[in-house]
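Asks: Chains as they are written, first to last, in the working numbering: chain A, 1 to 269; chain B, 1 to 269; chain C, 1 to 269; chain D, 1 to 269.
These aren't lab readings, by the way, just hints derived from the structure by calculation.
Each residue gets a CB set at the ideal place from its N, CA and C atoms; glycine is no exception.
Watch out, some of these pointers could steer you wrong.
[Stated by the list, open to error] Here's a subset of chain B near chain D, in silico, CB distances under 8 Å, partners left out: (1) S11; (2) T14; (3) D15; (4) T17; (5) L19; (6) R20; (7) Y157.
[Unchecked claim] Going by beta-carbon spacing under 10 Å, a handful of chain A positions derived as facing chain D: (8) T17; (9) R20; (10) N21; (11) L133; (12) P135; (13) D267; (14) C269.
[Stated by the list, open to error] Listed below are the simulated EDC-like cross-link pairs for lysine to aspartate or glutamate, each with C-alpha atoms no more than 16 Å apart in a straight line: (15) K95/B / D29/A; (16) K95/C / E114/C; (17) K5/C / D29/D; (18) K5/D / D142/C; (19) K243/B / D262/B; (20) K95/C / D29/D; (21) K90/D / D262/B.
Listed below, chain by chain, are the residues.
Number of protein chains: 4
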Amino acid sequence: MAKSKFEYVRSFETDDTCLRNCYIVVRLDGRNFHKFAEQHQFAKPNDDRALGLMSRSARSVMEELEDIIISYGQSDEFSFVFKKTSTWFKRRASKLMTHVASQFSSSYVFYWKEFFGEQPLLYPPGFDGRVVLYPTNRNLRDYLSWRQADCHINNLYNTVFWTLVQKGGLTTTQAEDRLKGTLASDKNEILFSEFDINYNNESALHRKGTALIWEKRDETVSKRMKLPNEEEREVPVTRSRRKVEAYHCDIIGDQFWEEHPDILEDDNC
Amino acid sequence: MAKSKFEYVRSFETDDTCLRNCYIVVRLDGRNFHKFAEQHQFAKPNDDRALGLMSRSARSVMEELEDIIISYGQSDEFSFVFKKTSTWFKRRASKLMTHVASQFSSSYVFYWKEFFGEQPLLYPPGFDGRVVLYPTNRNLRDYLSWRQADCHINNLYNTVFWTLVQKGGLTTTQAEDRLKGTLASDKNEILFSEFDINYNNESALHRKGTALIWEKRDETVSKRMKLPNEEEREVPVTRSRRKVEAYHCDIIGDQFWEEHPDILEDDNC
Amino acid sequence: MAKSKFEYVRSFETDDTCLRNCYIVVRLDGRNFHKFAEQHQFAKPNDDRALGLMSRSARSVMEELEDIIISYGQSDEFSFVFKKTSTWFKRRASKLMTHVASQFSSSYVFYWKEFFGEQPLLYPPGFDGRVVLYPTNRNLRDYLSWRQADCHINNLYNTVFWTLVQKGGLTTTQAEDRLKGTLASDKNEILFSEFDINYNNESALHRKGTALIWEKRDETVSKRMKLPNEEEREVPVTRSRRKVEAYHCDIIGDQFWEEHPDILEDDNC
Amino acid sequence: MAKSKFEYVRSFETDDTCLRNCYIVVRLDGRNFHKFAEQHQFAKPNDDRALGLMSRSARSVMEELEDIIISYGQSDEFSFVFKKTSTWFKRRASKLMTHVASQFSSSYVFYWKEFFGEQPLLYPPGFDGRVVLYPTNRNLRDYLSWRQADCHINNLYNTVFWTLVQKGGLTTTQAEDRLKGTLASDKNEILFSEFDINYNNESALHRKGTALIWEKRDETVSKRMKLPNEEEREVPVTRSRRKVEAYHCDIIGDQFWEEHPDILEDDNC
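The whole structure should be built from the sequences, with the hints applied where relevant.
Replies: See below:
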């Protein structure tokens, strides 16, 4: 096909290939989700419909970009980890992060109804993203731990804050003042002694966020077959399928990683 | 708020600030839109509902990111141009392109119904994006000219191809063979002599694509006011509002730019 | 030639091509030149041998990398400007800056004797460098103005400081205290009223630094030739040669640029 | 100190920090060293003076930039490896590579006389450089293996080629033709059967290149001291000093790395 004399402008594009043999993390953050949550009457401190929609959208991203080995989300953010050896989009950072941002955002609107039913979505929401590289398993696990620690810190705060407001009858300003300077132990104590709430019994989804990983599941399906010397009939067939599974557990300690040894690759390669 | 020991992982983020005093172009391209178009029965060679939805989504991006001075789209792609002096997201390339990709994609699903009515969207579509910098007006205009020349080349081809198939009764393979090696003039001639079609009278939307720019419009609204020594009453008030306007015209030549002298900034700054 | 299985490591190299149509500036700065100056007994506040050697080395760089259109130096730094359209090293930033740093440094040692005679160079000096891009003539001129303004500020300070010490008999600490908080006008006044020195009559080399540019010079050389119907004889031949010329003048105002209209390229390309 | 209005140009600098927790390799290559070698009558196929000068310059770089854990050179190239945790120059790629290029180049001229005696250096030589990051020990070792395999391939070729010319009486063109398409085994065979040369007995410096590493050495120096109740006298004092040591051995296999376990850092950090 004929090329135009304007073609030279292509040479202004720069190469942003991600360094090889590193985990590629794409993190998305909701834009102005404070306002978005208010306008859509999200429950406080956590709205399970909203969290479910975030996970559903993340699952849609993972099913589309198969080199993602784990994703982790909490609140209005989600992180996606591409395997070290991924050659998706030739490892071009811009392609990777825009495709993730795009697929997540279209899914968020597409699946809205599944989680919010007849409550209408008032306007199309926005997310922004970034790419970060991690050379070792330690660095990657520390990244995920950082996000889960953030989840914990925020959720503990929000749980006490909204309990003080919703059950304790404080204004938001009063609750804020009450919590100024308190430690985690102070917050646990307020919940326990004043409201008879054991924070550790609160929903794991809220306390730990959501980790999505691929798991192989054996599935038995029945298939119409004609075996030799027989009539055609339904035969049960077992096949292995990769499926995205959700976990709301601690991913900071070793247990989760020991139980799922296939997620991370060997460091010494 | 307490910081975790994992905080150090933040230092792995790299800075991708766009060079100052350059136009920042974000271009989005549909992912697997060939298949998407088929599955949603897009009309051939152009589906006005789909083109309308692309423009509607682009408008949504422009209204959200006000530093975009012009955007141009055709087929399943759209380019967004940020002004040279933009400091949106501190000019961080990753933030700019992911936000554009996200806002465009969520809008595409959100506004689907406005253009496709009861025809359902079967799955959430994906777009990928990239960032390119252009230092001068000449370079930027050549970029936009490149995209419009691409629109012209593709649309002329597709118009003849589908006319041969739809009106000429050729198979797609026959149409392909027929067009192999033909020049633009040959294609125009086939349309004219065999089908009595003057390509230049075809829809400008299809031939030229869509340029979206900001325009100031004077608007007269009536406002209830109380003027001195008068009863309160409705008073007509004129105010200037910036609005996104669509053009389907040539943007390669000088005329468009002379008629809209405010789009580009001075080169000599 | 046989390729080894280790060859894959090449793919870890990243592309650092400089954005097209921008001026590429490489600036070098002496490493620990304070100590270097002391150990080699540089005269205070300016050592003409050292400044001459810097310029000689810069000239060597320009003669080696012909796309440099202007270079500017002062104290222990030198900036080199590549033309917008340069394709030297395919515009790879790393190659450009390392070659400049290397050529400058080897020249500094190579030409040492020309400027310092029998005084020995005690150890090989080091310079570090960086690359900065400027899209417009205004930006580039402002960059060069920034460096010349820096030269002015430092040289005025150093001139007064060392005059107070060398002619005024102050200790360095006393001189420092004396100058704390003084404006340019105060410093000029100290020089004039106390030491009868008009700063503007000081050496232009010290006040303005050194700009090196290419100039065409007509040269008459005599060549042995045999013209038709004549004996072979010496004939004067004029030829034009590009030569690096040094200027110690203001480059902040317009005059220098008007007198050398060929240095900068047109902005509107 | 007063800031000028031109200061804004600093914001055009971009950040080129190297990804953390990766080895940083700076490789230098001689510019036009084929011509340089000819003009300075380098012996063929290897000039020990030139190789010695390269190593001496590399040593000078290592002594200046202490975070370099190993450097490896052959022919007119030298690679420098910074430790993963280095924060030298805040890991800014441009600073690291220009400083290495500068220090190496000034040292090359500075130490010329030590290796070439009265043979004059005709002009200042140039080197260019690049930066490459390697996330794991495997990747880094494969990089160094790649360079040593390159040394082997080139040196075997050059050894046979120049033997054919110098002892075999072939022209360079004849030698070239003779070697076209030959394998390593063929080349070894030519050397052995025709010239009675066992390639493996050739100089290790030529076959293996030069690896420079830091080693701790105990040194006994005598120091004048006054011990309690004694006259002042010379006392032998043992102290540990880090010194750059040269190796001309295989660095592809495991032995070298097992014998020097301190060079590489742990992968799992």
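Asks: Taking the hints in turn, state whether each one holds.
Replies: Hint by hint, here is what the structure shows:
no., hint, in the structure
1, S11, "holds, 6 Å"
2, T14, "holds, 6 Å"
3, D15, "holds, 4 Å"
4, T17, "holds, 6 Å"
5, L19, "holds, 6 Å"
6, R20, "holds, 5 Å"
7, Y157, "violated, 41 Å"
8, T17, "violated, 12 Å"
9, R20, "holds, 8 Å"
10, N21, "holds, 5 Å"
11, L133, "holds, 6 Å"
12, P135, "holds, 4 Å"
13, D267, "holds, 5 Å"
14, C269, "holds, 6 Å"
15, K95/B / D29/A, "holds, 10 Å"
16, K95/C / E114/C, "violated, 29 Å"
17, K5/C / D29/D, "violated, 22 Å"
18, K5/D / D142/C, "holds, 9 Å"
19, K243/B / D262/B, "holds, 14 Å"
20, K95/C / D29/D, "holds, 10 Å"
21, K90/D / D262/B, "violated, 43 Å"
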